[in-house]
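Construct the complete structure from the given sequences, taking the supplied hints into account.
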Amino acid sequence: MSDQAEKLTPTEYIQHHLGHLAKDLTPQIDGDKFMAIHADTMVMSFVLGLLMCFGFWLATRKATSGVPGKWQAFVEIVLEFIDKQAKDAYHGTSKLVTPVAITLFCWIILMNAMDFIPVDFIATVAGFVGQAAFGVDPHSVHWRPVPTADVNATLAMSITVFFLMIFFALRAKGVGGFVHELFTAPFGKWMFPANLLLNAVELLSKPISLAMRLFGNMYGGEIVFLLIWVLGGAGVGGALASAVFGLGWGLFHILIIILQAFIFMMLSVVYLSLMEEHH
Amino acid sequence: MNINLTLFAQALMFAGFIWVVATKIWPPLLNAIEERQKKIADGLAAADKAKQELADADARVADEIKKARVDAAQITDRAHQQAVQIVDKAKQDAIAEAARQKAAAEAEIANLSSKAKEVLRAQVAGLAVKGAEKILGREIDANRHRDLLDQVASEI
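Sequence lines, in order, name chains A and B. Quick note: this note's numbering has the first sequence finishing at residue 936, numbered continuously throughout. Quick note: this note's numbering has the second sequence finishing at residue 1108, numbered continuously throughout.
Read the hints as simulated data drawn from the structure, not as lab findings. Hints are supplied without guarantee of correctness; some may be wrong.
Mimicking BS3-like on lysine-lysine, the simulated pairs with C-alpha atoms at most 30 Å apart in a straight line are [stated by the list, open to error]:
1. B/K990 with A/K727
2. B/K976 with A/K719
3. A/K741 with B/K990
4. B/K976 with A/K744
5. B/K991 with A/K744
6. A/K752 with B/K976
Have a look at this one:
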């Protein structure tokens, strides 16, 4: 941190840590364009997802109905908690709601928890790897460790949930029923333009609010961390102060990452359950 | 904030993880949990049943003991009565036997004494005849003096 801070202004430092490692798939356009892909987000979320599945697999590999092992008991407690929450909010017949809730909750917690690794540890390792393996300037290697602070990741999840919502609605009401409701609820058939507009806004606002809530919280948390680490560059006193603030913000952040994961999961389940209701 | 291909890749990845959890993770774990719940429920039910059975068995045992006690009391009563009867009967038998034996002994004694008397009478008659013969110096014809002899004999 300190050697970088000597060369960088705080703004540059923060901008460096907020940059993505983007691989542009259309080489003639450069930078963060639409055909680019964020390698850091992809790699981190994939590794964390694998870690989640591996952890679950360890528990289910020897899943016994007798006396469970410690890890199986822990996983069972967590998954049963999620299952209970999902069952409380969703009363339909779909067997998919609990797996969706489990994946959302556990995956988001893991991705959010990447915030606890000090950014410069990761930047140092990423810079070293970039220099050693790809021969690039270590300071030009961007690596953002928190996939949920990338709006692509949160939007991807919420849009998947959105498609599931549509799927659930079509399954419960059929195409005709769904379209009929789009035009007639809540004001009756003579107000169909207003109904359609209202329903469209209601429907589309759900995935966007889901994604933006998680993204905003994690992005904001990351920036607060970065500001604290900038303070760490200001001499011994600054380092001590940043350690204290970092600890405080970190402790508070534990609450946030779990809460945000829980909110994302719960709202997804509630939205899915709302889509099956007839108006 | 820049939306790009990452969005689609992430969405696919998310769907993939949902698929893994929905097919490989949650069903076996839920199976294990539900099986365990069933086992525990069965165990509790069995414990309740066993408790009920134990209470039933206790009640049955108490009943049996009570019945056995009543039976035992009846049996001892009957035994007492029987013993009294047996003793009574034995007593009566003994008395009857004693009376019978006494009667028999008396009859025997009477018989013997009458026999002895007969013998003595005959002998006395004989002696009287012999005495008379000696006195008369001749033989007495027993047949001719039968009535005399008998009279003598009966007087003795």
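Here is what the structure says about each hint:
1. B/K990 with A/K727: Measuring from Cα to Cα gives roughly 21 Å; hence the hint holds.
2. B/K976 with A/K719: Given pair B/K976, A/K719 holds - Cα atoms ~13 Å apart, limit 30 Å.
3. A/K741 with B/K990: Given pair A/K741, B/K990 holds - Cα atoms ~18 Å apart, limit 30 Å.
4. B/K976 with A/K744: Status holds; Cα separation ~20 Å.
5. B/K991 with A/K744: Holds, because 23 Å separates the two Cα atoms, which is no more than 30 Å.
6. A/K752 with B/K976: holds (13 Å)
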